[in-house]
Structures are given as structure tokens and as C-alpha cells.
Amino acid sequence: MASEKVIGIDLGTTNSCVAIVEDGTPVVIPNRGGYKTTPSMVAIAENGKRLVGHIAKRQAITNAENTVFAAKRLIGRKWGSAAVRTSIETMPYRIVEGPHDDVRIVLRDQVFSIPEVSAYILQEMKMIAEEYLGEEVQKAVVTVPAYFNDGQRQATKDAGRVAGLDVIRIINEPTAGALAYGFGRNIERKVAVYDLGGGTFDISILEIGNGVFEVISTAGDTFLGGEDFDRRIIDWLVFNFQRDHKIDLRKDKMALQRLKDVAEKAKCELSSVRETEINLPFIISTGRNEALHLQTTLTRDKLEELTADLIDRTVEICAKTLEEAEIGKGDIEDVILVGGMTRMPRVQQAVAEFFGLEPCKGVHPDEVVALGAAIQGAALVDEKSDILLLDVTPHSLGIMIVGGYFHKLIEQNTTVPTSKSHVFTTVKDNQTSVKILVLQGESERAEENELLGEFVLTGLRRAPRGEVEIEVTFHISADGIVSVKARDLETGTEQSITVTATSGLTEDEIRKMIDANKDYMVEVRSGQEFEKARHAAERVLDEIEQLFPKVSEIISGSDFGQDAVKKARSVVERARGAIAQRDLPGLVEATEALSRTLNMFRGVVSKTRGA
Amino acid sequence: MTVPSDLPEIGSTAQRLRQNPRFDPIQAGIGPEDYFVWSRFDGATTLKDLIVMTGLPTPRAVDIVRRLRTAGAILLPHEQPAAAAPRPSAAPPSRPVTPPRTVTPASVTPPRTVTPSTAITTPRGQIPHIPPVIPPVIPPASPPRGAPGAPASRRTPPGGVAVQRAPTLDEMPTARVAAKDLAASPPVGEARATVPPPLPPIPDASLSADERAALDEDVDVAAADRQRILAMHRRVQSGDVAQILGLPDLADKKAAKRAYFALSKEFHPDRYYGKRLGSYAARLSRIFQAVAAAYASLSGERTPRPSTGAGAGAAAGGAPAASAQPASPADHAADLFDRACHAEVSGDLEGALRLFAAALQIEATARYLRRAARCAMTAREPGLAVEYARKAAVLEPQDPSTARVLAAAFKAAGKLDQAEEVLVMAAMIPTENDQLMRELQQDLVELRRAPGR
Chain C
6 MASEKVIGID LGTTNSCVAI VEDGTPVVIP NRGGYKTTPS MVAIAENGKR
56 LVGHIAKRQA ITNAENTVFA AKRLIGRKWG SAAVRTSIET MPYRIVEGPH
106 DDVRIVLRDQ VFSIPEVSAY ILQEMKMIAE EYLGEEVQKA VVTVPAYFND
156 GQRQATKDAG RVAGLDVIRI INEPTAGALA YGFGRNIERK VAVYDLGGGT
206 FDISILEIGN GVFEVISTAG DTFLGGEDFD RRIIDWLVFN FQRDHKIDLR
256 KDKMALQRLK DVAEKAKCEL SSVRETEINL PFIISTGRNE ALHLQTTLTR
306 DKLEELTADL IDRTVEICAK TLEEAEIGKG DIEDVILVGG MTRMPRVQQA
356 VAEFFGLEPC KGVHPDEVVA LGAAIQGAAL VDEKSDILLL DVTPHSLGIM
406 IVGGYFHKLI EQNTTVPTSK SHVFTTVKDN QTSVKILVLQ GESERAEENE
456 LLGEFVLTGL RRAPRGEVEI EVTFHISADG IVSVKARDLE TGTEQSITVT
506 ATSGLTEDEI RKMIDANKDY MVEVRSGQEF EKARHAAERV LDEIEQLFPK
556 VSEIISGSDF GQDAVKKARS VVERARGAIA QRDLPGLVEA TEALSRTLNM
606 FRGVVSKTRG A
Chain R
69 MTVPSDLPEI GSTAQRLRQN PRFDPIQAGI GPEDYFVWSR FDGATTLKDL
119 IVMTGLPTPR AVDIVRRLRT AGAILLPHEQ PAAAAPRPSA APPSRPVTPP
169 RTVTPASVTP PRTVTPSTAI TTPRGQIPHI PPVIPPVIPP ASPPRGAPGA
219 PASRRTPPGG VAVQRAPTLD EMPTARVAAK DLAASPPVGE ARATVPPPLP
269 PIPDASLSAD ERAALDEDVD VAAADRQRIL AMHRRVQSGD VAQILGLPDL
319 ADKKAAKRAY FALSKEFHPD RYYGKRLGSY AARLSRIFQA VAAAYASLSG
369 ERTPRPSTGA GAGAAAGGAP AASAQPASPA DHAADLFDRA CHAEVSGDLE
419 GALRLFAAAL QIEATARYLR RAARCAMTAR EPGLAVEYAR KAAVLEPQDP
469 STARVLAAAF KAAGKLDQAE EVLVMAAMIP TENDQLMREL QQDLVELRRA
519 PGR
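For the protein sequence lines, the chains are C and R, in the order given.
Last residue of the first sequence: number 616 in the working numbering, and the count goes up by one each step with no gaps.
Last residue of the second sequence: number 521 in the working numbering, and the count goes up by one each step with no gaps.
These aren't lab readings, by the way, just hints derived from the structure by calculation.
None of the values given here were measured: they were computed from a predicted structure.
Glycine included, C-beta positions come from ideal geometry on N, C-alpha and C.
There could be a bad hint or two in this list.
Taking beta-carbon pairs under 8 Å as the criterion, some of the chain R residues facing chain C (in silico) [to be verified]:
id : residue
1  : Phe329
2  : Lys333
3  : Asp338
4  : Gly342
5  : Ser353
6  : Gln357
7  : Ala411
8  : Val413
9  : Gly415
10 : Leu417
11 : Ala461
12 : Pro465
13 : Ser469
14 : Glu489
15 : Met496
Listed below are the simulated SDA-like cross-link pairs for lysine to any residue, each with C-alpha atoms no more than 25 Å apart in a straight line [stated by the list, open to error]:
id : chain 1 : residue 1 : chain 2 : residue 2
16 : C       : Lys425    : C       : Gly497
17 : C       : Lys425    : R       : Ala350
18 : R       : Lys343    : C       : Gly485
19 : C       : Lys555    : R       : Met505
20 : C       : Lys425    : C       : Lys334
21 : C       : Lys334    : C       : Arg318
22 : R       : Lys343    : C       : Arg166
23 : C       : Lys195    : R       : Gly342
24 : R       : Lys343    : C       : Glu9
25 : C       : Lys612    : R       : Gln87
26 : C       : Lys571    : R       : Ser469
27 : C       : Lys389    : R       : Arg354
28 : R       : Lys321    : C       : Glu328
29 : R       : Lys321    : R       : Ala411
30 : R       : Lys483    : C       : Ser600
31 : C       : Lys425    : R       : Glu431
32 : C       : Lys195    : R       : Ala323
33 : C       : Lys433    : C       : Arg470
34 : R       : Lys483    : C       : Ile584
35 : C       : Lys307    : C       : Lys334
36 : C       : Lys334    : C       : Ala313
37 : C       : Lys389    : R       : Leu463
38 : R       : Lys321    : R       : Gly342
39 : R       : Lys483    : C       : Glu578
40 : R       : Lys321    : R       : Ala350
Generate coordinates for the entire structure from the input sequences, incorporating the hints supplied.
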């Protein structure tokens with residue numbers, strides 16, 4: 006009963022790696038050149054031939070405009086996003102707007118989507134595996150940075166499909182790192198995975214025991230990685246060159262590409278030596294037929310000085326993640342380093358200082374992710390597997406509610422599969438339909454989150470606002486597929502969607518949508534926003550005002566009567582004041598006092614009547 | 069007919085027997101009459117009296133008692149819950165133990181009787197399954213659910229040793245970790261010892277139409293797995309944390325984690341990846357979610373905290389269960405509340421607050437909240453006191469004693485205006501209880517004399 010082969014692919018920003026579990030042992034599959042990693046680069050040569058991997062990298066200098074690297078930074082991104090803006094500035098290849106507000110790359114007049122470019126890399130990895138195994142491979146587990154959103158994950162899946170691979174699961178890179186670390190070892194402990202790769206930084210906390218890997222918390226920064234370190238070196242070189250020669254090397258794409266190569270090389274070298282020569286002859290011509298050379302020395306100290314804030318940022322994210330997960334530094338029993346950047350001595354030192362323990366050096370930072378992906382692949386299809394990964398949803402999920410707010414139903418870092426329901430009500434009188442906008446993100450404002458999908462529930466009973474109740478249920482399956490259902494609790498009518506891909510709307514469009522759909526909004530039944538609080542307060546105020554004359558009459562004779570009336574008045578004024586000043590905390594507190602007052606009023610009236 | 073003075077396998081009827089807290093009558097599928105008799109066992113009544121008390125004809129009552137005894141449902145005075153296995157073949161230790169290192173290969177022929185060998189949960193593919201033939205009735209020899217100690221000696225994890233090999237030194241990232249491993253990690257295999265309790269199949273007679281259909285469904289799930297999934301699905305519906313995780317002692321966090329992991333490994337939908345699951349897909353998903361929720365409720369980690377949950381987190385670990393009884397939530401809360409009061413009286417305010425928080429997390433009645441608020445005031449935690457008292461006031465808005473507690477809490481928190489407001493308002497309502505009204509007015513007078521007024 007040989008189970009189907011599933012390869013694990015670490016689709017990295019700068020390098021990719023493929024692995025498989027063979028006879029119970031995870032192994033990295035070397036490429037034809039014997040290298041265990043393959044550059045994540047795609048180029049179109051002059052003759053129109055597509056080049057992938059090492060060969061693409063080797064010709065990059067002479068063909069910079071037609072060589073794509075770091076496509077991962079663009080995958081699943083919207084045209085208007087900051088990441089795309091920066092890439093347009095810094096990448097030697099041409100980035101254009103796609104038809105769905107997405108991003109396209111132009112290589113020799115041919116337009117490629119980002120999933121297509123990624124697909125070429127995945128295809129290469131698939132081929133490497135097939136040559137090694139001598140058989141066709143169809144299934145793969147592909148890794149992504151923990152902080153990738155649904156759109157980026159979906160785009161990565163799409164890339165797999167284009168490459169002829171069935172991506173049976175997308176898992177997070179640090180999680181994969183932990184799988185490789187804990188595989189085949191009977192351990193019970195909490196570990197942190199510090200993953201500083203080419204383009205992204207991730208930190209995950211996992212608990213391992215009895216072959217179960219439970220992700221407790223995960224966080225990261227999709228704009229922080231080895232390339233940022235390279236850029237610091239480039240900036241330094243460019244700055245010095247400009248100071249000496251009054252020429253901006255950035256303006257020359259060829260020079261920029263050479264700078265990039267040399268920066269990366271210098272950075273790697275400085276992990277083992279204390280200083281390195283940077284030598285770029287004929288870097289640029291002055292226009293007076295005179296060629297200039299760039300020659301300088303970069304020391305490890307200088308590099309550390311240039312990048313200190315980047316490393317600090319990773320440590321800050323670690324601290325924040327631990328805090329949010331309510332885990333003490335002392336609870337972490339091992340730290341696993343993942344990603345090529347963790348070879349930098351200063352990074353290791355910073356991690357050791359922060360966690361107060363030497364990071365584990367048993368895993369290979371470049372290969373560990375692919376190994377982990379292969380392990381998860383085997384765990385899924387192999388019935389005898391002893392591994393189970395309990396993964397979490399990396400971002401919160403919810404819907405948009407009245408006022409353009411985001412109401413979370415499923416919090417980030419919730420173990421999947423999971424489901425959650427919440428009851429919402431209508432916001433307008435005679436509102437007969439509601440539109441459910443499914444969002445992902447952490448911002449309170451709906452438009453600052455990612456829109457995953459939308460649908461409309463119609464046929465609601467005509468009723469005063471707040472009377473019709475709609476139950477919204479979110480479900481995330483073990484493989485991360487999100488489905489959302491809305492149910493009219495009176496009629497039982499249901500509408501649902503399965504979120505498959507992002508619609509590619511800009512923030513602007515969503516904002517417009519919010520305006521256009523004002524009549525279709527729902528509101529949280531137990532929300533804390535101001536509007537909600539105001540509604541509640543006003544309702545109570547109305548009733549208090551109605552009861553006031555009666556209550557005043559009844560209690561005026563008693564000892565505390567006048568006191569009580571005065572107090573009730575002041576409570577009412579306090580609430581009115583809070584409404585006028587839109588003071589939410591004040592209003593919440595005043596409403597509580599109002600409710601108490603109302604209850605007392607009711608008590609007075611009913612007990613007196615009964616007496 | 070008089071009750072005999074001795075019963076076989078039990079002994080003197082003058083003994084006071086009690087219920088085995090680990091026996092689950094629902095899972096065991098006993099009849100209503102048996103259940104009734106079982107429910108009479110309180111540890112205080114002699115067996116003789118008890119048999120008379122049932123009102124059943126003596127021979128029938130005796131039969132039932134003997135049956136309950138055989139099923140491990142009742143304990144003799146000297147017996148410990150874990151030792152209550154039916155026909156204990158050896159004296160098993162009362163704590164979960166390391167499974168034997170010497171491993172007997174799994175018997176090729178299916179066991180003729182359902183022995184506790186069905187209890188072990190080993191990696192997938194190594195589960196000694198329940199025989200595919202569904203027993204027509206629950207055999208009397210079926211083990212008491214949740215007695216992990218008892219079947220230990222019979223556990224035969226076939227091939228389990230290979231997976232449990234100790235990490236070799238070269239696998240150790242650093243010497244430091246290796247040393248830690250040896251010191252802190254349990255001996256190899258102990259993690260496996262804390263497996264979820266045995267999960268007997270649902271007796272055929274009590275299968276619902278739905279479950280019956282699921283057993284015949286055309287899906288890629290082995291017969292034994294179907295039984296286990298259906299049984300577990302029933303169990304998670306109880307909503308009882310101790311039952312779901314199969315834990316006698318909810319305070320043991322490590323055991324809870326292991327139970328959670330072991331159950332995940334059995335029922336997480338990924339364990340059935342790529343299979344046609346039909347109705348089992350939803351069942352597995354529900355089981356896993358219930359298990360995860362049960363664990364989260366114990367660990368306090370990453371549980372979405374209610375915004376008003378004062379001290380909710382404090383409950384974690386702060387409630388060492390005194391008894392192993394999986395009581396109803398309300399009973400459990402009452403028990404915690406009693407212990408909290410006791411702790412408060414004996415001066416352990418911190419412990420009391422933790423226990424109150426635990427009780428309130430399960431059930432927040434106005435009475436509990438008032439008492440907890442008072443305790444918080446004594447412990448000089450006015451913020452917490454206000455929080456509790458406010459919630460009490462929401463539950464019982466017109467109750468004068470709640471108003472007094474709320475006012476006192478506000479006063480303790482330095483919010484004199486609000487304290488006064490609450491008292492004045494409360495004094496408006498006519499009440500028959502003059503004493504309470506006088507106290508209320510006295511509070512008000514004192515408040516108005518308070519410094520700062």
C-alpha cells in the first residue's frame with residue numbers, strides 16, 4: 006500500500022528548495038548542479054527561451070531587464086499596495102498593472118502574471134524531484150511566510166496549479182521549520198522558530214509533544230528580510246559613490262544589478278570573515294568616455310551598524326508575539342533558526358540575548374523549511390505517519406458592520422478547523438436584505454482589511470430596526486478553506502459562500518462599496534461602538550423620561566425621594582453629555598447607571614402599583 | 069425477604085459502598101433500573117439499607133447490585149477509583165504508568181471478548197481496533213470508562229517501541245538541550261501512557277437512527293474507526309470538559325495537554341486526509357473543535373477572553389479539583405464556590421479570589437458575584453470588586469443587597485458619587501424587609517460622612 010509521493014517545496018524569495026520523505030526519512034533533493042537550493046529567478050533570454058534557477062541568475066547581469074527575482078514580494082499583492090510601489094522603484098524588470106488590480110511583469114514584450122512566474126519556479130522544483138525519483142510527481146505541500154494573507158496563499162496555490170502540481174496544503178515556513186526540527190524525536194517542549202528569510206521575517210511559537218505540533222502563535226513582517234540587509238549595503242555604496250563622484254548609480258539599471266549582486270555576496274561573506282573587499286570595475290561611465298570603478302572595504306562592524314535597526318525590529322516582533330500569546334521568555338525551551346539571514350552572527354547573538362538561550366544549531370536554515378513541508382505532505386497521505394500538525398489561522402476573520410467597522414468572528418491564531426457564530430441585527434426600519442462582506446485582517450476599520458468575498462441575504466421580514474436577527478457563521482476547515490453562512494433566524498433562510506480567491510478590490514473600491522451599501526448593513530447585536538451604545542442609551546433614556554413624572558410623584562414623600570430624583574436627573578444629564586461629546590467609554594458607563602436607574606424606576610412603579 | 073448478610077464478590081452487606089466516579093453510566097449503556105440503584109450509592113448508606121431503600125424485590129435489587137459491581141460501577145470502602153476494574157487480574161498501580169517495554173505482538177485473531185486492549189491509542193495504523201463485529205450488548209466485562217490505570221497491564225502497543233525510541237545524542241541540537249531533555253522530559257513512552265480513556269463502542273441498542281445510518285454509510289472509514297468516531301462524537305456533546313478530555317483531574321495541565329494532543333491525533337480531520345468521509349467529515353470537525361475548546365477552557369491560553377471577563381484568566385490552574393467526579397457544570401461551580409468561601413474565611417484571600425473566578429467562569433449567579441465582590445474588597449482589589457458587583461447588579465437590578473455591595477465596591481474604588489447614586493436609587497424601592505432598608509440607609513449616612521465628601 007505505497008502511498009502517493011508528496012514533495013515539499015520551500016518557495017523562497019531568493020532561493021527555493023524541494024524535499025521528500027523517503028522510507029520515513031526526509032531528504033532534500035539536489036538539483037542537476039548538485040545544489041540543494043535553486044535561485045527563485047526566472048528570465049527570458051534573447052532567443053525567447055525561458056530560463057529558471059541558476060542559469061537565470063548567471064545571466065542576470067547582462068539581462069537584468071528580463072530577469073525576475075523576488076517575485077514572492079509581489080505575489081497576491083494589489084497594484085496600489087506599498088510593496089508594489091517599492092518594487093517598481095527598485096526592480097530592474099518592468100512591473101505593470103494587471104486587469105484585476107493585480108501586478109504583471111513584462112519580459113521581452115510578453116506579459117506574465119506573478120503566479121505564472123512563481124509557477125515556473127515550482128515547475129523547476131517539480132522537475133528536480135521527478136528526475137531524482139524517476140517518476141512523475143503530482144502533489145506538493147508548499148510553504149509561505151506565516152504572515153501571508155489569504156490572497157497571497159491563494160495566488161501561491163494558483164501558481165502550483167499552473168505548474169501542474171496539486172498543492173494539497175499550504176503551510177507556514179516557521180511551522181515547517183519546527184516540523185523538521187521535531188521530526189523523529191520524542192520531545193515535549195515549547196519552541197520558538199525565528200525565521201529571517203530573503204524577504205520576510207516570521208516568528209512562531211509551537212508546542213511539540215507526542216508527534217503533535219501545535220502552533221500557539223505566529224506573527225511576522227512581510228517587508229523585512231535579507232533583501233533589506235542587501236539594500237542597506239547598496240544604499241551605503243551608492244551614497245559613498247555619489248559623495249566621491251557626484252553620480253547616482255541607481256539611475257543605471259545595470260549598475261544597480263551589479264551592486265545588488267555584490268551586496269549579497271559581501272553580506273554572506275561577512276558571516277564568516279570580519280571584513281571583505283567590494284570591487285566593481287567599470288561600474289559606470291561618466292559620459293566623457295571615462296569609466297569609473299567602485300572599490301571599497303566593508304567590515305562586519307559596519308554592516309551591523311547599517312542593519313542594527315532591522316535586527317531590532319525582529320526582536321521587537323518576537324517580544325510582541327510572546328506577549329500576545331501570554332508566554333514568558335522562560336517558557337521557551339529551544340529556539341530554531343530558519344532562513345539564510347540567521348547565519349549572520351549579529352542575528353544569532355540578538356536571538357540568544359532575547360531568549361536567553363543559545364539557538365538550536367542542529368537544523369540547516371536553508372533546507373529545514375522544505376524538509377518540514379515534505380514531512381507534512383507525508384503526514385497527510387501516509388496512514389502510518391506519527392505526525393500531526395495543529396495549525397492556526399494567521400489573521401482574524403469577520404464581517405463589516407454598520408459604520409464601516411470590522412467585527413471579528415474568528416481571532417487570529419485560532420487552531421483550525423474551527424467555526425464561530427454571531428448574531429447580528431438590521432440597522433434600518435423595514436430593511437429586507439443584508440450584505441455580508443467577509444474580511445480578513447486586524448484593523449478595526451473594514452476598509453483597512455482584506456476583502457475575501459461578499460454575498461447578500463434577502464427576504465428579511467419588514468420590521469423595525471434591530472428586530473430581525475441574522476446569524477453569521479464562519480467555518481475554517483483543516484486545510485484553511487473559509488466558508489461563511491448567514492441565516493435569517495426567523496425564516497431559516499440561508500445564504501453562504503466558500504471563499505476561494507480574492508476579488509482584487511482596492512481600498513478605495515471597498516470604501517465606495519461601504520457608501521453604496523449603507524442600506525444593506527448589519528450591526529453587531531452586542532457591539533461596543535459608539536452608535537450602538539448611543540442607540541442603547543437613547544432607548545433607556547426614553548423610558549426613564551416616561552417614568553419620571555410618575556416616579557417623582559410616588560417617591561417625593563419619602564426620606565430619600567428628592568435625593569433620588571436629583572440623582573436620576575444627574576445620571577440622565579451625564580448620559581446626554583457623553584452622547585454630545587461622542588465619549589464612548591463615558592457613555593458606556595453612563596448607560597450602565599442609566600439601566601440601574603431605569604430598573605429602580607420600574608421597581609418603584611411596579612411595587613407601588615402592587616401594594 | 070430479608071437481605072443476605074453477605075454477597076458474593078462484595079462481602080458484607082453492612083459495608084457502605086460508593087459510586088465509582090470514573091464509571092460513566094451513559095457510556096456503559098446500563099438500564100434505567102440499574103441506574104436508579106446506582107444513583108442510591110452515596111458511601112453513607114449500608115448496602116443492606118440501600119437494597120431495602122430501592123423498593124425493588126430483594127433478589128432483583130441484589131442482582132442489579134452484583135451487576136453494577138461487575139461493571140465496576142461501585143466501590144468498596146477501601147477501594148480507590150482507579151483500582152475498580154472488573155476482575156482485576158493484577159493489582160494495577162493507581163497512577164498511569166509507563167507501558168511495558170517488552171512488547172507482545174498484537175494477536176492476529178481478534179480478541180474474543182472486548183478486553184481493555186481496545187483502550188490504547190497508539191499512532192495511526194497501530195491501533196488495536198475494536199473487533200469489527202459490533203457486540204450485540206455491552207459485555208459486562210467492559211472496562212469502566214476512564215480508569216486509565218486498570219487496563220495498563222494489558223496494553224499491548226504493537227510495534228509502538230520503534231516510534232518511541234529515545235532521541236539519540238546526534239539528534240540533539242546542543243548539549244544543553246540534551247541535558248535538559250534527560251532531566252525534564254518524561255521517560256520514553258510516558259507520554260503515551262497518558263492516553264485518552266478507552267472509548268467503548270456505543271451499544272447497538274442505543275444507536276440513534278443517524279448513527280446507524282452512519283455505520284452503513286459508503287465511506288472510506290474502517291468499521292472500528294466508525295465506532296470510535298461515533299462514540300467520541302457522543303461524548304463531546306456532553307460539553308463536560310473532564311469527560312471530553314477523559315481526565316479525572318482537571319488541575320493537571322500537563323495531563324490535559326497530553327490528552328488534547330492524543331485526542332487530536334486520533335480525531336483531527338487531517339488524520340483522514342484524502343478519504344471519502346461523508347457524514348464523518350462534519351463529525352470529526354466537531355469532535356476536534358470540542359476537544360480544542362475543552363482544552364482551551366482549561367489551559368486559559370489563547371482563549372478569546374470576554375471583554376467583561378474579570379479575572380477570567382485567573383481561573384487557569386487555580387482550581388485544583390478536590391474530587392475526581394465529573395460533576396455537572398453547576399455542581400462544579402457550586403463546589404468551587406464553597407471552597408472559595410472556605411479559603412476566604414481561613415484567610416487565603418488570593419486563593420479565594422482564584423476559586424471565585426473559576427466558579428464564576430462556569431456559572432455567574434448574583435449570589436456568587438456578590439460574595440466574590442465582598443472578598444475582592446477585603447483583598448483590597450476594588451477594581452475587581454466593582455466588576456463583580458456590576459455584573460451582579462445586571463442580574464438582580466432591584467435587589468437591595470446587591471445594591472449595597474455595588475455601592476460598597478464603588479466606595480472602595482473611590483467612586484463616592486456613584487456609590488451614593490446606587491444607594492439613593494435602591495432606597496427608592498419599597499421593600500418589606502425593613503432591616504435591609506435600614507442597613508441601606510445606614511450605609512448612605514456613613515458614605516456621606518466619609519472623608520472627601
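query: When you check the alpha-carbon spacing of Lys483(R) and Ile584(C), does it fall within 25 Å?
result: 22 Å, holds
query: Going by Cβ atoms only, is Ala461(R) closer than 8 Å to chain C?
result: 6 Å, holds
message: Hinted pair, alpha-carbon criterion (25 Å max): Lys483(R), Ser600(C). Please report holds or violated.
response: Given that 25 Å is the threshold and the Cα spacing comes to 18 Å, the pair holds.
message: Check the hint pairing Lys321(R) with Ala411(R) against an upper bound of 25 Å on the C-alpha distance.
response: The hint holds at about 22 Å.
25 Å Cα cutoff - pair Lys334(C), Ala313(C): This hinted pair holds, its Cα atoms lying about 22 Å apart.
- request: Verify the proposed pairing of Lys612(C) with Gln87(R), using a straight-line Cα cut of 25 Å.
  value: Status violated; Cα separation ~49 Å.
query: Is it true that the CA of Lys343(R) sits at most 25 Å from the CA of Glu9(C)?
result: 13 Å, holds
query: Are Glu489(R) and chain C close enough, Cβ to Cβ, to be under 8 Å, as the hint says?
result: 5 Å, holds
query: Given the hint that Lys195(C) pairs with Gly342(R), does the C-alpha gap stay at or below 25 Å?
result: At roughly 30 Å apart (the allowed maximum being 25 Å), Gly342(R) and Lys195(C) break the hint.
- prompt: For the pair supplied as a hint, Lys343(R) and Arg166(C), is the alpha-carbon distance within the 25 Å limit?
  reply: 21 Å, holds
Agreement of Lys389(C) and Arg354(R) with the hint, judged by alpha carbon distance not exceeding 25 Å: 24 Å, holds
query: Regarding the pair Lys195(C) and Ala323(R), is the alpha-carbon distance no greater than 25 Å?
result: Given that 25 Å is the threshold and the Cα spacing comes to 15 Å, the pair holds.
Hint violations for this structure: numbers 7, 8, 9, 10, 13, 20, 23, 25, 35, 37, 38, 40, all remaining hints satisfied.
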